[in-house]
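S.K.: Since the structure of chain A is already known, use the hints to place chain B on it.
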Amino acid sequence: GENVEQHPSTLSVQEGDSAVIKCTYSDSASNYFPWYKQELGKRPQLIIDIRSNVGEKKDQRIAVTLNKTAKHFSLHITETQPEDSAVYFCAANNAGNMLTFGGGTRLMVKP
Amino acid sequence: ETGVTQTPRHLVMGMTNKKSLKCEQHLGHNAMYWYKQSAKKPLELMFVYSLEERVENNSVPSRFSPECPNSSHLFLHLHTLQPEDSALYLCASSQDWGLSASSTDTQYFGPGTRLTVL
Numbered sequence: 001g002e003n004v005e006q007h008p009s010t011l012s013v014q015e016g017d018s019a020v021i022k023c024t025y026s027d028s029a030s031n032y033f034p035w036y037k038q039e040l041g042k043r044p045q046l047i048i049d050i051r052s053n054v055g056e057k058k059d060q061r062i063a064v065t066l067n068k069t070a071k072h073f074s075l076h077i078t079e080t081q082p083e084d085s086a087v088y089f090c091a092a093n094n095a096g097n098m099l100t101f102g103g104g105t106r107l108m109v110k111p
Numbered sequence: 001e002t003g004v005t006q007t008p009r010h011l012v013m014g015m016t017n018k019k020s021l022k023c024e025q026h027l028g029h030n031a032m033y034w035y036k037q038s039a040k041k042p043l044e045l046m047f048v049y050s051l052e053e054r055v056e057n058n059s060v061p062s063r064f065s066p067e068c069p070n071s072s073h074l075f076l077h078l079h080t081l082q083p084e085d086s087a088l089y090l091c092a093s094s095q096d097w098g099l100s101a102s103s104t105d106t107q108y109f110g111p112g113t114r115l116t117v118l
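Chains as they are written, first to last, in the working numbering: chain A, 1 to 111; chain B, 1 to 118.
I should point out that these hints are in silico values taken from the structure, not numbers from a laboratory. Any given hint could be a false lead.
Below, a list of computed lysine to aspartate or glutamate pairs in the DMTMM-like style, where the Cα atoms sit at most 20 Å apart [to be verified]:
id	chain 1	residue 1	chain 2	residue 2
1	A	Lys71	A	Asp49
2	A	Lys110	A	Glu5
3	B	Lys36	A	Glu15
4	B	Lys41	B	Asp105
5	A	Lys110	A	Asp84
6	A	Lys42	B	Glu24
7	B	Lys40	A	Glu39
8	A	Lys57	A	Glu79
9	A	Lys57	A	Asp84
10	A	Lys57	B	Asp105
11	B	Lys36	A	Asp59
12	B	Lys41	A	Glu5
13	B	Lys41	A	Glu2
14	B	Lys36	A	Glu79
15	A	Lys71	A	Glu15
16	A	Lys58	A	Asp84
17	B	Lys19	B	Asp85
18	A	Lys110	A	Asp49
19	A	Lys58	A	Asp27
20	B	Lys41	A	Glu39
21	B	Lys40	A	Glu15
22	A	Lys42	B	Glu44
23	B	Lys18	B	Glu67
Chain A on its own, in the form it takes in the complex (with noise of 0.2 Å):
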C-alpha cells in the first residue's frame, strides 16, 4: 500500500519569511496530490492539490511542486503571515479515492 512521509514535523518562521514543506510517496501509481491546512479545533480544508499531469501549482502565496521520478512533492507558502500558523497535511492516493496522509507539520509563524 501507499506510504506517505512528511517532513519536517515542526516548521517555526518568522513572518514575511518563506516555508517549504516536504512528502514522499512509494506508490508510482500515485496520480493526486492533496494539501489540508488544519487549524487548531477546526476541520481539515483543501488549500491546495495537485495531479500527476503537472509539475508545478500556484495559488496566491501558496504553491506545490511535484516530480514523479524521485515521488515527492513540496509545498510553498510564502511571504508567510500569523494567519498560516496551523498544521499542514500532504496526502496521495492510491486505489479509487482513498487517501495515505503524512503525519503533519506544525507551522509557527512568529510576528
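M.R.: The following block gives chain B in isolation, referenced to the frame of chain A:
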C-alpha cells in the same frame, strides 16, 4: 461552514456505554468516509461508503460499526470502547469514489467529534 456537519462535537463515554456519531453532508456527494485522528499520528482511514455501500473497511475493530442509511448520512456506532480509542473522529465526503483513479475527487471534512473514553 455547513457542507459537512457532525454531531455531537464532543462526547465522553465509559467503556461499557453505547453511543453513535452522526455525519450529514449537504453537498450531493456519493461517497462518505470515517477517519480517526489521534495525537501525533497521521489521519487514519476507517471506512468508505460509496452509494450507501461499504467499499472499504481498513481493519477496524468490530467495536466500531458504521451505518450509511442514505447518501447524505453516515453513522458510527460505538460500543465497548477502550481508552486508546479516544481521538478526533472526522467524517468526509466526495463527489464519487473509485470511478477512476485518474479523477480522484476532493474530500471535504466535517468539524469532527472529539471522543474521550474513560
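S.K.: For each hint, tell me whether it holds in the structure or not.
M.R.: Hint by hint, here is what the structure shows:
| no. | hint | in the structure |
| --- | --- | --- |
| 1 | Lys71(A) <-> Asp49(A) | holds (15 Å) |
| 2 | Lys110(A) <-> Glu5(A) | violated (26 Å) |
| 3 | Lys36(B) <-> Glu15(A) | violated (32 Å) |
| 4 | Lys41(B) <-> Asp105(B) | violated (24 Å) |
| 5 | Lys110(A) <-> Asp84(A) | holds (10 Å) |
| 6 | Lys42(A) <-> Glu24(B) | holds (17 Å) |
| 7 | Lys40(B) <-> Glu39(A) | holds (15 Å) |
| 8 | Lys57(A) <-> Glu79(A) | holds (17 Å) |
| 9 | Lys57(A) <-> Asp84(A) | holds (19 Å) |
| 10 | Lys57(A) <-> Asp105(B) | holds (17 Å) |
| 11 | Lys36(B) <-> Asp59(A) | violated (29 Å) |
| 12 | Lys41(B) <-> Glu5(A) | holds (12 Å) |
| 13 | Lys41(B) <-> Glu2(A) | holds (16 Å) |
| 14 | Lys36(B) <-> Glu79(A) | violated (33 Å) |
| 15 | Lys71(A) <-> Glu15(A) | violated (30 Å) |
| 16 | Lys58(A) <-> Asp84(A) | holds (16 Å) |
| 17 | Lys19(B) <-> Asp85(B) | holds (13 Å) |
| 18 | Lys110(A) <-> Asp49(A) | violated (26 Å) |
| 19 | Lys58(A) <-> Asp27(A) | violated (24 Å) |
| 20 | Lys41(B) <-> Glu39(A) | holds (16 Å) |
| 21 | Lys40(B) <-> Glu15(A) | violated (26 Å) |
| 22 | Lys42(A) <-> Glu44(B) | holds (17 Å) |
| 23 | Lys18(B) <-> Glu67(B) | holds (15 Å) |
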